[in-house]
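Take a look at the letters that make up each chain.
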Amino acid sequence: MSPYQPQDPLVNVPASSQEVIQMTSATAERPVRISAPEAVLEPSAARPEPIVELDDVNVYYGQYHAVRHTSMQIQKNRITAMIGPSGCGKSSILRAINRMNDLIPGARVTGSITYRGQDVYARDVDPIEVRRRIGMVFQKPNPFPKSIYDNVAYGPRINGMRVADMDDLVEEALVGAALWDEVKDKLKSSALALSGGQQQRLCIARTIAVRPDVILMDEPCSALDPIATGKIEELMRNLAQTYTIVIVTHNMQQAARVSDYTAFFTAEVDADGERYGRLVEFAETQQIFTDPADPRTADYISGRFG
Amino acid sequence: MSTPVLADDPSTGSEVAAMLTRRRRRGGELLFRTALQLCLLIAFASLVALLAWVLIKGWPRLDARLWQNMPTGLISRLDTAGVQSALTGTLWVISLTAAICLPIGILSAIYLEEYADNTRWYNRVLELNIQNLAGVPSIIFGILGLGIVARAFGFGFSVKTAAIVLSLLVLPVVIIATREAIRAVPQSIRQASYALGATKWQTVSRQVLPAAVPGIATGAILALSRAIGEAAPLLVLGAVTFITFNPTSLDDRYSTLPIQIYTFIGRPQEEYTQLAAAAIVLLLGIVLVMNSIAIVLRNRFERRR
Amino acid sequence: MTTSTDRIGGPAAGGTLRRGRRRPVEALVKGLLVLAALVSVATTVGIVVALVNPTVGFFGEVGIVEFLTGTKWTPTFAQRSYGVLPLVVATLMVTVIALSLAVPLGLGSAIYLSEYAAPRSRRVLKPILELLAGVPTVVYGFVALFALNPLLRQIWPGEQQPAFQNLLVAGIAMGIMIVPTVASVAEDAMSAVPRGLREAAYALASSRMQVSVRVVVPAAMSGIVAAIVLGISRAIGETMIVTIAGGLVSDSIVWNPIEGAATMTAFIASISSGDIPVGSLDYNSVFAVGSLLFLITFALNALSIRLVRRFREVYE
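Protein chains in written order, with this note's numbering: chain A, 56 to 361; chain Z, 162 to 466; chain V, 20 to 335.
If you're looking for bench data, these hints aren't it; they were derived computationally from the structure.
Watch out, some of these pointers could steer you wrong.
To give an idea of the chain V side of the interface with chain Z (calculated C-beta under 10 Å), a few residues [unchecked claim]:
| no. | residue |
| --- | --- |
| 1 | VAL44 |
| 2 | VAL75 |
| 3 | LEU87 |
| 4 | GLY89 |
| 5 | VAL162 |
| 6 | ILE195 |
| 7 | GLU257 |
If you only want the chain Z side, here are some residues facing chain V, beta carbon under 7 Å, derived [stated by the list, open to error]:
| no. | residue |
| --- | --- |
| 8 | ALA204 |
| 9 | ALA206 |
| 10 | LEU208 |
| 11 | ILE304 |
| 12 | GLY390 |
| 13 | ALA393 |
| 14 | GLY446 |
| 15 | ILE447 |
| 16 | VAL448 |
| 17 | VAL450 |
| 18 | ILE454 |
Positions of the beta carbon are idealized from the N, C-alpha and C atoms, including for glycine.
Could you build all of it, start to finish, from the sequences and the hints given here?
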């Protein structure tokens, strides 16, 4: 059985990843799977391939039509950022993708959201299976009040993943989240004793321990200081080689630094005076930030509002 | 070797569909949920059944005779028996209890929340003491009453003694509820008052207490409803003798509703059992109405916050 | 000292900053408050004093060892014996029976209300539960004796029938009584678990059962432990149910729950509601047993406080 490997070619494996490969190769007896695959490096004329597609998606909370007519494609092994002022539906859309909205009573999604071609909201689809493959990291780090080890091991354990050596899996995950060095001597200590940035990386480690396909991040750095933010941004770039990343962020510069594609959302008021959110423009980040098509995007980017 | 679930890179739509619709461990989920529902159901059903049974049992005797007539020890007069002495006794005892425990409890709570420096050991001991008293069995309070209030103070087996004992018993309830109500008042109100040059007592009496009134009322009602239903300490205080008169002073002997019920239970005749059931319905009516008011009060108070 | 508070609009230039007229009132008020708070201290002191004298008198005649290890309580027999073990064992048995009913039902209900029930149902069911926690215990005693026991005897298989008063039926009634308390406190603890933890667990593809059992319950453990210890405390200290329906036999240790036996509280209640001459050995024995009961509940309470504190540290 071949280990899971992304099909797209790699782009300049950054130096930090090289180190990671060496370190984990030394400790593991089998090829590293989490941080960098063994694929051959090829020029980045990327063949982008959509892995999640949203088509005319609307989100309702009870009667309130909160987000309207959103369509976009999330490309595999790329980082897609969703930016825009507060209250314009970014988080709602994000949570709709992995059906976290199901947990809110009265929340409803229309339109289609497909993961690898399969409608995520189809009648017999199990949301738990969806969340296995589409994970989520939250704004406020939320480690369980357990040890670091148990936090990372939680996902595999409850998903019945038969793991011959849980220790190795935990190590892999922590390495992949760039946290291993800092915690390897205190795996049994409480996760709550870590700093904010470390806790967030722990949450990332926890997420990748179940080996998802897509990782959704809802403003993952907004509760962190600039240095911790920088570490996580670097981590994101590494993770994108193995996973697909969608990130909601308030921080435009972060989107510009980190993402390959950007979606710009805004809030509008409809004929009845009700406020709702919608997607305005979606394009490669390069494009959005240098030559946006829509004037509202241009206004936001240049700081004229929001 | 660990087996990643995504080991086979899914490329066909049907494979993905198969993975997403695969429902594992469905059976265990349903079983768990059903078991939990069963727990709730059994808990509620048994309590409701209990109350319903008492109602049915006491139904024939649920009429004006209960409060119009006195209890009797004579079987021939059972037909006209009632629990008037117990009702008036309860009224006397609880009124005095309220007069004693409410002021003391509220003032204690004010001290602990607003005045006490809780880094001092004696204040911490005070708090611990109240916590401990909340868990002491009620019958021990009866012993306290017997040894000290009835004998040493010389109050005997009177309404006074009963009221003092019950006050001490429910004091922790009043204190704890009042403390929570006081704690819930926002600091900003106090600070505004101090900033205007008010003293601590002025702030407490004019700002904090009025704001805490709903919470304090809740605590008071719960405490008194608890006191109304207590029988154990009064057993020790000799309240079990048959009382067929209404108290007219604080030194009089007395009976209360729970005690009267206990007395009826001790008699073998079916009529006494029915009377007991009817008296229980009366007692439950009083207690449940009081508790409902307290709970509604607290919920409304919490929602407004 | 001029009172500058009389002038509106101008600076308070006339008065001094010295503590003025309001001070004595403040001191008086504080004194009054302290006095009120000392009542609770006086209560504990009173309990100890009330217990100590007769207890000491009791142990003047009966040795402590015989008291604590004796297996018969037979004050009226020719060979008088004052061993408290029958009472203690009966108390423990009733407590165990009551809790084996109350803890599963209470925790199960709490988990359901906190994790599964729709918010609307929870808003209705929880207050009803709290309401039912206020039913006086004499009611449970009545139901145990006149409804539960006959029922029990009807369905009981085998030769030996449950006695007219027995520990089993008292334990069952007590269990039902404790359920609302355990459920309410445990549910409060679980509701207090931050939403973020549940979200994290769901995002890791947990099912609702996994979230409840593996995340919420462990996180709420301090409150759940407090709920259980509260239940134990109530069971041990309960008087009316066991006096009415548990039995008053104390001459030997009873191990069979379908027989009647006196618990510590039932003993105190029955003896002290009768006629006993003050200062006699029997009179003093009530206080001796009372002292034991007081010590046990005191220790339980101390344990509960420490346990709650320890679990809370781990969580925060």
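Structure versus earlier hints, numbers of those that do not hold, lowest first: 2, 3, 4, 9, 14, 15, 17 and 18
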